[in-house]
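Trainee: Fit chains V, R and F with the ligands to the known structure of chain Y by using the hints.
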Amino acid sequence: MYQDVILDHYKHPHGRGLRDGDAEVHHVNPTCGDEITLRVRYEGDVVADVSYDGQGCSISQASASVLNELLVGKELAAARDIQETFLTLMQSRGQVVPDDAMEEVLEDAVAFAGVSKYPARVKCALLSWMAWKDATAQALGESAAKEKL
Amino acid sequence: MYQDVILDHYKHPHGRGLRDGDAEVHHVNPTCGDEITLRVRYEGDVVADVSYDGQGCSISQASASVLNELLVGKELAAARDIQETFLTLMQSRGQVVPDDAMEEVLEDAVAFAGVSKYPARVKCALLSWMAWKDATAQALGESAAKEKL
Amino acid sequence: MTQANAALPAGLLDTETIRKDFPLLDRTVHDGKQLVYLDNAASSQKPRQVLDAMNDYYERHHANVHRGVHVLAEEATALYEGARDKVAAFINAPSRDEVVFTKNASESLNLVANMLGWADEPYRVDAGTDIVITEMEHHSNIVPWQFLAQRTGATLKWFGLTDDGRLDLSNIDEVITERTKVVSFVLVSNVLGTVNPYEEIVRRAQQVGALVVIDASQAAPHMPLDVQALQADFVAFTGHKMCGPTGIGVLWGRQELLEDLPPFLGGGEMIETVTMSASTYAPAPHKFEAGTPPIAQAVGLGAAVDYLAGIGMERIAAHEHAITRYALDRLSTVPDLRIIGPVSGEDRGATISFTLADIHPHDVGQVLDEQGIAVRVGHHCARPVCLRYGIPATTRASFYLYSTPAEVDALVAGLEYVRGFFG
Amino acid sequence: MTQANAALPAGLLDTETIRKDFPLLDRTVHDGKQLVYLDNAASSQKPRQVLDAMNDYYERHHANVHRGVHVLAEEATALYEGARDKVAAFINAPSRDEVVFTKNASESLNLVANMLGWADEPYRVDAGTDIVITEMEHHSNIVPWQFLAQRTGATLKWFGLTDDGRLDLSNIDEVITERTKVVSFVLVSNVLGTVNPYEEIVRRAQQVGALVVIDASQAAPHMPLDVQALQADFVAFTGHKMCGPTGIGVLWGRQELLEDLPPFLGGGEMIETVTMSASTYAPAPHKFEAGTPPIAQAVGLGAAVDYLAGIGMERIAAHEHAITRYALDRLSTVPDLRIIGPVSGEDRGATISFTLADIHPHDVGQVLDEQGIAVRVGHHCARPVCLRYGIPATTRASFYLYSTPAEVDALVAGLEYVRGFFG
Ligand SMILES: Cc1ncc(COP(=O)(O)O)c(C=O)c1O
Ligand SMILES: Cc1ncc(COP(=O)(O)O)c(C=O)c1O
Chain Y
468 MYQDVILDHY KHPHGRGLRD GDAEVHHVNP TCGDEITLRV RYEGDVVADV
518 SYDGQGCSIS QASASVLNEL LVGKELAAAR DIQETFLTLM QSRGQVVPDD
568 AMEEVLEDAV AFAGVSKYPA RVKCALLSWM AWKDATAQAL GESAAKEKL
Chain V
468 MYQDVILDHY KHPHGRGLRD GDAEVHHVNP TCGDEITLRV RYEGDVVADV
518 SYDGQGCSIS QASASVLNEL LVGKELAAAR DIQETFLTLM QSRGQVVPDD
568 AMEEVLEDAV AFAGVSKYPA RVKCALLSWM AWKDATAQAL GESAAKEKL
Chain R
85 MTQANAALPA GLLDTETIRK DFPLLDRTVH DGKQLVYLDN AASSQKPRQV
135 LDAMNDYYER HHANVHRGVH VLAEEATALY EGARDKVAAF INAPSRDEVV
185 FTKNASESLN LVANMLGWAD EPYRVDAGTD IVITEMEHHS NIVPWQFLAQ
235 RTGATLKWFG LTDDGRLDLS NIDEVITERT KVVSFVLVSN VLGTVNPYEE
285 IVRRAQQVGA LVVIDASQAA PHMPLDVQAL QADFVAFTGH KMCGPTGIGV
335 LWGRQELLED LPPFLGGGEM IETVTMSAST YAPAPHKFEA GTPPIAQAVG
385 LGAAVDYLAG IGMERIAAHE HAITRYALDR LSTVPDLRII GPVSGEDRGA
435 TISFTLADIH PHDVGQVLDE QGIAVRVGHH CARPVCLRYG IPATTRASFY
485 LYSTPAEVDA LVAGLEYVRG FFG
Chain F
85 MTQANAALPA GLLDTETIRK DFPLLDRTVH DGKQLVYLDN AASSQKPRQV
135 LDAMNDYYER HHANVHRGVH VLAEEATALY EGARDKVAAF INAPSRDEVV
185 FTKNASESLN LVANMLGWAD EPYRVDAGTD IVITEMEHHS NIVPWQFLAQ
235 RTGATLKWFG LTDDGRLDLS NIDEVITERT KVVSFVLVSN VLGTVNPYEE
285 IVRRAQQVGA LVVIDASQAA PHMPLDVQAL QADFVAFTGH KMCGPTGIGV
335 LWGRQELLED LPPFLGGGEM IETVTMSAST YAPAPHKFEA GTPPIAQAVG
385 LGAAVDYLAG IGMERIAAHE HAITRYALDR LSTVPDLRII GPVSGEDRGA
435 TISFTLADIH PHDVGQVLDE QGIAVRVGHH CARPVCLRYG IPATTRASFY
485 LYSTPAEVDA LVAGLEYVRG FFG
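Chains as they are written, first to last, in our numbering: chain Y, 468 to 616; chain V, 468 to 616; chain R, 85 to 507; chain F, 85 to 507.
One chain only, chain Y, in its complex shape (with noise of 0.2 Å):
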């Protein structure tokens, strides 16, 4: 579970603190207390920025850290493609082997499909990527969307 990429991007966070943005969430994990709140800014259709501050464990921050990496610059349908493939991913159960395809979506986040394996840490996982949408959706003045979030 603990691949070193994870642990790399949990001890070297990118992009961790807060920075100007359209609009702010704060998400909880009821369970274990992790934390998060996150900010995005658009210019455009692009992620300009996503920066985020909280505390969690090592799954939820190395998560928030490959999220900003991966999302930042991307063009929005890009990056909803994104995190809906990282959503499939973790809901498998460790079901879902990562192929090429999924791996040229995803780089860095493919480190976490063990984690789907251990359902007590999947919501770690997805932490930051439920408040990105959230946010996104508020930000982007779409009410609808956050109601399926």
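One thing to keep in mind: the hints can contain errors.
As the list claims (entries may be wrong) - Subject to a maximum C-alpha distance of 25 Å in a straight line, what follows is the list of computed DSS-like cross-link-like pairs (lysine-lysine):
{"#": "1", "chain 1": "R", "residue 1": "K170", "chain 2": "Y", "residue 2": "K584"}
{"#": "2", "chain 1": "V", "residue 1": "K584", "chain 2": "F", "residue 2": "K170"}
{"#": "3", "chain 1": "R", "residue 1": "K104", "chain 2": "R", "residue 2": "K117"}
{"#": "4", "chain 1": "V", "residue 1": "K478", "chain 2": "V", "residue 2": "K584"}
As the list claims (entries may be wrong) - Cβ-Cβ distance ranges computed for the label pairs, FRET-style:
{"#": "5", "chain 1": "F", "residue 1": "E343", "chain 2": "V", "residue 2": "T504", "range": "27 to 37 Å"}
{"#": "6", "chain 1": "V", "residue 1": "T504", "chain 2": "R", "residue 2": "P308", "range": "44 to 54 Å"}
{"#": "7", "chain 1": "F", "residue 1": "D210", "chain 2": "R", "residue 2": "N255", "range": "33 to 43 Å"}
To be verified - Some residues of chain F that are not near chain Y, with every Cβ distance over 12 Å (derived):
{"#": "8", "residue": "D181"}
{"#": "9", "residue": "E205"}
{"#": "10", "residue": "G212"}
{"#": "11", "residue": "R235"}
{"#": "12", "residue": "D344"}
{"#": "13", "residue": "R467"}
{"#": "14", "residue": "P476"}
{"#": "15", "residue": "A497"}
{"#": "16", "residue": "F506"}
It should be emphasised that the hints constitute simulated quantities derived from the structure, not laboratory data.
For glycine and all other residues, C-beta sits at the position ideal for the given N, C-alpha and C.
Mentor: Only chains V, R and F with the ligands this time, still in chain Y's reference frame:
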């Protein structure tokens, strides 16, 4: 459990039916619906009559019949002694084997010794005896005695 | 001993094989008499498969469930939640999250009654509203509603019974009215054996917007149970009557209701977050499962529904139907025996209550017991039924998937002996 | 791997023999690693004696209890009621009728809270009265009282905690006042391990005439429990933490209170007589045991208390005390490890919570698990404790009669590895 003596009393009950009395009580065994209405009549210190009516299983019916046979004509103290001895026997969970002394006091009622092994039936055997004790207390105005039932 | 003169019924299961799964059925009582267990409506026996599942759980996987990150906690959680999946499939629940584990059917029914007492509108039961039950309910589906009525000021109403042991629905429109907030009734009576016409009641309840609670304690063990087909809002049943262990019951409830209604017991597992001054609650089903749940018992119940589904609920129902018809036939040959409940095999389960001459049921039961035949006597926790039929108690024989025609014959012979004994 | 450099403690049990009774302790996890089970505060493992008792029950004696006249019903009733006798003796209850079987400690506590909400004076909790708990309660002793406060308008108050993990009773006379109707507190904390000074609290509660409820869930498994010595009105605990099965809890209550207070769940077994319009209730304990009780689980719990009493609760307490002191010593050698709770062995149970540097407890637990060491991480259903100490969660190691110094050594070595891993 079904000694001939018991079956005999069941089929040919002694003193069944309600007659004049000094006090009347109605007792119910809620777990099986056995019911008895019982009246006592005293002449001085002597149990002049115990009359009763009701419905119930063979054990409760036979027990009322035995009670009538044993107590009518006795002095109150002797009647109480019989009642208490019967109670002891019935609460013995099959542990008391009636000795000669007990047989002398209880006469036909020793046939109920086997019933004491069946916790579900002990209440049936005691129904009329508890009613008698209660009715006696009322007849003699012993409100304190009632408390002890 | 009387000989069976009714023909052996068709549709029977291979009870010889099935009985091998049930260790207790081998027992002898009273100095070597083979046990004839006809007290299945009170509780069923357990197949080895169920005991094995629980032993394996305790010997290899036990830990407290949820929130644990160690292997045992994950295995125990997977087994516990897996049992929920199995039960959900067994009753055709639209979602596994609609299956709440309780300690027995009684808790399930109390849970609903309490939720409705504490609920907000439109569910809230309070003064000026009606609760409707029937006269053939088990005490566990009477007393919780009496409590609710007493505590809220609501009025408790009920359907009466016909002389042949069926619900009297002739006045259904007066009993269930716009005031009615909830209708709770038994699908199969544990005394009369009657299978109730749920469609008519559900239709009327839906007309007036009342919630429908179905006590399926005597249905789940014996016939296919499809909560969607029932169209009820809540369905309650209990593990120990369906080859499962004691200590577990089920409440199925429609997701939307489980989401809207308030929790009942408070404690560990049912919360989302707790501070000293306020708490929020986990989503259903956990919202209704305070404290350490009956983990091993859920595993056992999961094994039980696997066992029953493996044989097939349709086949079990057919078997019991055949045995019941056979028993009704054979019992009709016993003089002075009066069936309390439907005398035909139609719309009736495998539970037959009766009186025998004026011999008290306690005596009937005791003398049968001395012959190794276990039946139940009394009011069977449904005293209003006895009051309705003017009897203090009944003798009740109830069958299950392992019951045989030979056991029916033994019962009939036993009853002849009882008559002679007290004759 | 670090070597144990603390001396082996005195007073230990013969764990080699004891461990043979617990099949699960033999398990290996993660490709052959020997299990080190240090999650006993969440749930204990079960000795073979307990499983055997339940199997014997199901295979030879199972039937529904009470009211049956057949052999099995009588045997099952005798076993079930016999378990009540055993539990009563185990806690030195003045009367067996004071022992109520519930599904878990959470139900026991909810039962008390609900009784007090529906009670008449002098017990009734309502607006203008206070309920007192503490900040170190398990959620199961918080949420039921929050419900009661919300539903009745009563005020919920609590004792805070000192920095070293003890109850802060300095303001006891302001917290418990004439308004206080009930004081409910944990005897041994499931997070901090603290053993609370019950005498002082009980004395003050008695002064103002408040009822005292003691949550002994973490005491009953580990030390002699004498309800008369405690002088409480109610004591709650749970079977699965004390070598018993899941699905059973106990509420002990003073006879007079159980007689006076109203029932909670309604249904079969708890009634005296039922008509459609009104019911009367059986005497305690049956009044509080609606529906088919956890029969096999009571039998299992009876076997568990036999097992514990056979070893001796004093000896078990001494063993755990020795292990705890040893563990506290050894853990003090781990850099950056902070104990949450008393750091000395005095007045503390065999549960040790800690944080390790700024490594999240989930990570600590997961990496320990990979080495076969099962601990619990999180808020342990006592989130206010974490809030109080400003931490999101803790890692908790908890011991029992089968825990060994070697397991403590394994834990310490495991923690060193965790530090290296995330260092
Ligand atoms: C102190 C304390 N109280 C109450 C409980 C609740 O016990 P249960 O979950 O068995 O209801 C627990 C255990 O989880 C506990 O540790
Ligand atoms: C129809 C019916 N409802 C409810 C119950 C209560 O089930 P339990 O005692 O398991 O709570 C029973 C069984 O006793 C029953 O037969």
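Trainee: Taking the hints in turn, state whether each one holds.
Mentor: Hint check:
Of the supplied pair hints, the one linking K170 (chain R) and K584 (chain Y) holds, its CA atoms being roughly 21 Å apart against a limit of 25 Å. As the CA atoms of K584 (chain V) and K170 (chain F) are separated by approximately 21 Å, the hinted pair is consistent with the 25 Å bound. Only pairs whose Cα atoms come within 25 Å are accepted, and K104 (chain R) paired with K117 (chain R) is accepted, the gap being roughly 18 Å. At roughly 23 Å between alpha-carbon atoms, K478 (chain V) and K584 (chain V) fall within 25 Å of each other, so this suggested pair holds.
Taking 27 to 37 Å as the suggested C-beta distance range, the pair E343 (chain F) and T504 (chain V) conforms, at roughly 28 Å. In this structure, T504 (chain V) and P308 (chain R) meet the distance hint of 44 to 54 Å, their C-beta atoms being roughly 50 Å apart. About 40 Å separates the C-beta atoms of D210 (chain F) and N255 (chain R), a value consistent with the hinted range of 33 to 43 Å. Interface exclusion of D181 (chain F) from chain Y stands, the closest Cβ pair being 40 Å apart, more than 12 Å.
No beta-carbon of chain Y comes within 12 Å of the beta-carbon of E205 (chain F); the shortest separation is about 39 Å. The claim that G212 (chain F) is not at the interface with chain Y holds, since no C-beta of that chain comes within 12 Å of its own (minimum 33 Å). Chain Y leaves R235 (chain F) outside its interface by the beta-carbon criterion, the shortest separation being 24 Å against a cut-off of 12 Å. Here D344 (chain F) stays apart from chain Y, with its beta-carbon at least about 39 Å from theirs, past the 12 Å limit.
Distance check on R467 (chain F): its Cβ comes as close as 8 Å (rounded) to a Cβ of chain Y, failing to clear the 12 Å threshold; non-interface status is violated. Its closest Cβ contact with chain Y, about 3 Å, brings P476 (chain F) to no more than 12 Å, contrary to its assignment away from the interface. Every Cβ of chain Y is farther than 12 Å from the Cβ of A497 (chain F); the closest lies at roughly 18 Å, confirming the non-interface assignment. Against the 12 Å criterion, F506 (chain F) falls within the reach of chain Y, whose nearest CB is about 7 Å from its own CB.
When each numbered hint is compared with the structure, violations occur for hints 13, 14 and 16.
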